[in-house]
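K.L.:
Sequence:
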Amino acid sequence: MIKAPRGTRDLLPPDTALWNFVEAAVRDVFRAYNFHEIRTPIFESTELFARGVGEETDIVAKEMFTWEDRGRQTELIAPIRGLSAPPRISTVEGLQPSSEISQIGEGKGQSLTLRPENTAGVVRAYIEHKLWDRGLNKLFYIGPQFRRERPQKGRYRQFYQIGAEVIGPATAGSESPARDAEILELLATLLDRVGISNWTLELNSVGCPADRAEFNEALRKALDPVAAKMCADCQRRVVTNPLRVFDCKVPEDQPIIEKLPRISQFLDEPCRVHFEQVQAILKSVEVPFVLNDRLVRGLDYYQKTTFEFTHGALGAQNAILGGGRYDGLSEALGGPAAPGIGFAIGEDRLVMSLAESAESVVRKPDVYIAPLGTGMNREAARLARELRRHDLVVDLGDESFRLKKSFEAADRLGARYILIVGENEVKAGAFALKKLASGEQVTVPRGELAQRISRAT
RNA sequence: GUGGGAGUAGCUCAACUGGUAGAGCAUCGGACUGUGGCUCCGACGGUUGCGGGUUCAAUUCCCGUCUCCCACCCCA
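Per this note's numbering: the first sequence ends with 689, consecutive numbering throughout.
Treat the hints loosely; a few may be bogus.
To be verified - Each computed SDA-like pair below joins lysine to any residue, with the alpha-carbon atoms no more than 20 Å apart:
#1 Lys385 x Ala569
#2 Lys515 x Pro597
#3 Lys481 x Gln467
#4 Lys453 x Lys515
#5 Lys666 x Ala682
#6 Lys453 x Arg469
#7 Lys385 x Ala256
#8 Lys491 x Gln509
#9 Lys453 x Glu490
#10 Lys515 x Lys596
#11 Lys667 x Pro597
#12 Lys596 x Asp623
#13 Lys461 x Leu475
#14 Lys637 x Ala682
Unchecked claim - Pair by pair, the computed Cβ-Cβ distance ranges are:
#15 Gly646 x Glu484: 29 to 39 Å
#16 Lys385 x Lys362: 36 to 46 Å
#17 Gly671 x Pro376: 19 to 29 Å
#18 Asp290 x Val458: 20 to 30 Å
#19 Ala587 x Arg238: 40 to 50 Å
#20 Leu492 x Pro246: 45 to 55 Å
#21 Arg617 x Ala587: 34 to 44 Å
#22 Lys385 x Leu244: 15 to 25 Å
#23 Lys481 x Arg241: 27 to 37 Å
#24 Ala587 x Lys461: 37 to 47 Å
#25 Thr472 x Arg259: 34 to 44 Å
#26 Gln384 x Pro483: 19 to 29 Å
Calculated from the structure, these hints are not laboratory results. Note that CB positions come from ideal geometry on N, CA and C, so glycine has one too.
Could you build the full structure based on these sequences and the hints that come with them?
P.N.:
Quick look at the structure:
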């Protein structure tokens with residue numbers, strides 16, 4: 233039996249109703265903040281992620297689905313029919329870093345990658361279509377992303393993100409701490425709106441690149457003498473990415489980590505002021521937050537404000553969304569200066585955290601039509617068409633069904649009413665309409681059916 | 001990528017130290033030819049994840065592999 237590939241899954245009813253409920257609520261919230269939807273390709277040039285997300289990040293270094301495009305010749309038809317020459321798909325794992333990734337783009341077959349996140353794609357589109365000239369600087373997206381990680385609860389190889397970006401020239405206000413606060417307040421509204429309580433907003437600032445360099449230096453100095461006493465992971469981090477030492481959960485390491493310098497001590501004046509203003513606005517709009525100067529986001533492009541919303545009951549993957557400011561990203565991708573801030577919600581995790589049950593958001597049929605006897609399918613179809621025009625949810629059976637079977641079907645579907653369409657009814661021009669919950673049954677003339685069904689509860 | 005646990009009917013789970021698989025629910029049919037949710041009877045449904053090994057005999061023991069779950073790594 234062919235099964236869904238590792239780390240992917242089918243979303244089935246009634247769960248899909250819950251997903252649609254979430255997405256509808258989210259679109260509502262975005263509208264109120266004047267965000268507009270953008271849809272970018274599901275795959276992009278590998279180079280975009282290498283430059284945008286950072287070649288040293290785990291995502292780019294070992295978690296991308298990457299393949300080499302073959303231009304116009306073979307496409308996928310031959311290998312699939314004959315199974316003789318399967319398409320070559322590999323992760324970047326087998327490649328040498330940087331040099332090869334950029335070389336591939338220059339050959340005949342360009343290197344392509346399933347998007348592991350959506351910010352790079354949005355910024356690429358912003359640059360490509362000169363969106364700053366159209367006043368489009370508040371964008372949101374909803375869609376699948378792909379990472380080749382080991383699956384576990386709340387983590388899939390195809391997962392869904394709901395995200396938004398504020399991006400634009402500084403003159404448009406995109407650099408303002410007001411945007412940071414607006415984004416955070418939007419998120420608080422959004423979570424409340426979909427019915428998630430008990431979230432925690434953790435807030436930090438990682439400063440400008442200059443601050444980070446200085447801080448990294450100080451961190452290395454502080455770690456140098458103590459690194460040998462730390463866990464194996466930390467020893468590796470000290471070399472590759474000292475910031476990540478703060479993520480360590482090994483108890484023995486905590487006393488050492490407590491004494492390390494903090495990024496907050498290295499923020500320059502503009503960054504410090506920016507961060508203070510973000511906090512001041514949050515207090516003014518009464519969005520609760522906790523400062524966490526150990527919160528360091530993984531992607532290279534973050535600077536200044538970084539944040540995370542967490543929620544219990546998600547296991548180890550307790551971050552329901554994360555984001556931050558990325559003022560240098562546009563330039564890193566060859567675009568104009570365009571400060572920005574954004575976030576990505578893990579939709580899979582968001583749905584998992586919902587108190588709402590899938591059943592409760594499914595719209596059940598208002599009426600089930602039971603045709604009874606030869607020729608009654610025709611009558612039933614006409615009635616169904618008419619009732620559906622009145623915005624009623626209608627389902628129906630078949631004239632060969634015994635009445636009992638129709639009743640059982642109506643019960644199973646959770647219909648509110650059953651409408652019996654038999655010869656007697658057609659002759660009389662009035663139909664037996666029975667409320668399934670109470671058993672109350674009335675005879676209703678054709679013309680009054682729609683009104684009768686929609687009115688009652 | 002690393003470590004641990006688990007895969008038996010559509011779903012939830014049984015099957016003692018190896019003896020060729022069973023229940024509940026669900027589905028379909030009947031009791032009940034135009035009136036359901038209850039009850040009773042019956043039927044359908046499994047290459048016990050897949051492949052190999054040990055054995056007279058494997059759901060059970062061993063090896064490999066795939067998938068899921070938990071944790072690490074990392075992240076949404």
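K.L.:
Does each hint fit the structure? Answer for all of them.
P.N.:
A quick look at each hint next to the structure:
1. Lys385 x Ala569: Cα-Cα ~39 Å, so violated.
2. Lys515 x Pro597: Measuring from Cα to Cα gives roughly 46 Å; hence the hint is violated.
3. Lys481 x Gln467: Answer holds: Lys481 to Gln467 is near 14 Å, not above 20 Å.
4. Lys453 x Lys515: 36 Å, violated
5. Lys666 x Ala682: Given that 20 Å is the threshold and the Cα spacing comes to 14 Å, the pair holds.
6. Lys453 x Arg469: Answer holds: Lys453 to Arg469 is near 14 Å, not above 20 Å.
7. Lys385 x Ala256: 25 Å, violated
8. Lys491 x Gln509: 28 Å, violated
9. Lys453 x Glu490: 15 Å, holds
10. Lys515 x Lys596: Outside the cut-off at roughly 43 Å; violated.
11. Lys667 x Pro597: 12 Å, holds
12. Lys596 x Asp623: Status holds; Cα separation ~13 Å.
13. Lys461 x Leu475: Roughly 17 Å separates the two Cα atoms, so the pair holds.
14. Lys637 x Ala682: 24 Å, violated
15. Gly646 x Glu484: 29 to 39 Å: Given about 56 Å between the Cβ atoms, the range is violated.
16. Lys385 x Lys362: 36 to 46 Å: At 42 Å between Cβs, range holds.
17. Gly671 x Pro376: 19 to 29 Å: With a Cβ separation near 46 Å, Gly671 and Pro376 fall outside 19 to 29 Å, so the hint is violated.
18. Asp290 x Val458: 20 to 30 Å: 25 Å, holds
19. Ala587 x Arg238: 40 to 50 Å: This hint is violated: roughly 30 Å between Cβ atoms.
20. Leu492 x Pro246: 45 to 55 Å: 49 Å, holds
21. Arg617 x Ala587: 34 to 44 Å: 38 Å, holds
22. Lys385 x Leu244: 15 to 25 Å: 18 Å, holds
23. Lys481 x Arg241: 27 to 37 Å: 28 Å, holds
24. Ala587 x Lys461: 37 to 47 Å: 44 Å, holds
25. Thr472 x Arg259: 34 to 44 Å: Holds, at about 40 Å.
26. Gln384 x Pro483: 19 to 29 Å: 22 Å, holds
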